Amino acid sequence: MNNHKAASIVILVLVLLMGFGVTKLRSKAVAAREASNTAKAQAEQAEQQAKLSEIKLKTIDAKTANIRKVYTEWIPHFEPYKNPRAAEQKITDVVREGNVFLLSQRFNDQEIDKGSLISRALIADLVVEDDYSKTLNWLGKLEESIPSCRIKKCNIVRGDRGNNIRMELKVEVPVLKTSLAGK
Amino acid sequence: MENLIHDLKTPRQGVSGGLPASYKIIPIAFYLGVVFSLVLSLFFFLSVRAYKTSKIQYEIQLGQSKSRDSKFQASHKEILGIAEKAEGIAKWLEGARPLQPVTAAIGRSMTTDSTIAELTFDRNPEIPAHTFMNLKINGGGTDQIESTLASINALNYQTYSAQQVKAKNATDFQATLIYSERK
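Sequence order for the protein chains is F and D.
FYI, the numbering used here numbers position 85 of the first sequence as 85, with every residue one higher than the one before it.
FYI, the numbering used here numbers position 43 of the second sequence as 43, with every residue one higher than the one before it.
Note that these hints are calculated values from the structure, not bench results.
Owing to the predicted nature of the structure, the values given are computational and were not obtained by experimental measurement.
Here a beta-carbon is modelled for each residue, glycine too, at the ideal position from N, C-alpha and C.
Certain hints may be false.
[To be verified] For the chain D half of the interface with chain F, some residues (derived, Cβ under 10 angstroms), not all of them:
{"hint": "1", "residue": "I79"}
{"hint": "2", "residue": "A96"}
{"hint": "3", "residue": "P98"}
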């Protein structure tokens, strides 16, 4: 092999190496571009998803504003009765403060609607007999003191004496689950 | 002149003649190829760097968008949870409207000729917002019933499935009371 041939081979090798290097760099650039494009597409998709979620949030926020206002306003009236004892105590207090003549009372903690939000309630069976206006005022006071209570049954008949009435009441006081009270 | 040089330098044996002039393009092409390769390599190198930088930026953007999306979805879930609880509360409250105003209104509607013999309210177990009312009146008549119904209607209660049984000097009136907000 003479010098010309050796020099040609060296140059050829150099040219091949340069070509290889450039090709390698090009494929790296192409791969980087594709990765960047993929990341861009993902970022755009995520941004769109975030915007969609924001729109959905605003919609549901506006849609449920009234009902949530009801919740905010009423939950303080439900919260004090996290157990039947508290509800029982409150009814006893209202009876005592109303100073009505109580003939009988019976309290019972019952499951009223399994699976629903308010599934338990304290059922109070009360029988009072007193002056007509005093008894009706007391009924109003009971409903005012425990706004969450539900008068399930109310029976009013004439009492034994003069202006007296006899009132039989079945009162339900919802007993909240702790999870309901929390936000 | 040729002879003079010939005298100084004797012709050498085995020396080939020069390459054709067009072959001069080979080194020029080689150097140009080297320069072109270097420029291309620099271009691809800078491209790779730029794509990597943009990929990192898109990834940061993706993370931020996903984080925002998660926040919106969490808020959405929270609002739905509160709305669900609120609906349960509202459903309960719908069936827990105070009965004392109705009782008092019925009592006030009685004329001097009439008295309440018995008044019963019984909530429908399936739809507590519907209250069955049974009113027994001594004395009075159709006028008394109309007056009583007017008092009940004034409290935004509508009477449905009303039945009236008249006996001698007594009236038995039954109806389902449903509260309806007046617009």
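**OP:** Just pull the numbers of the violated hints for me, sorted ascending.
**Re:** No numbers; nothing is violated.
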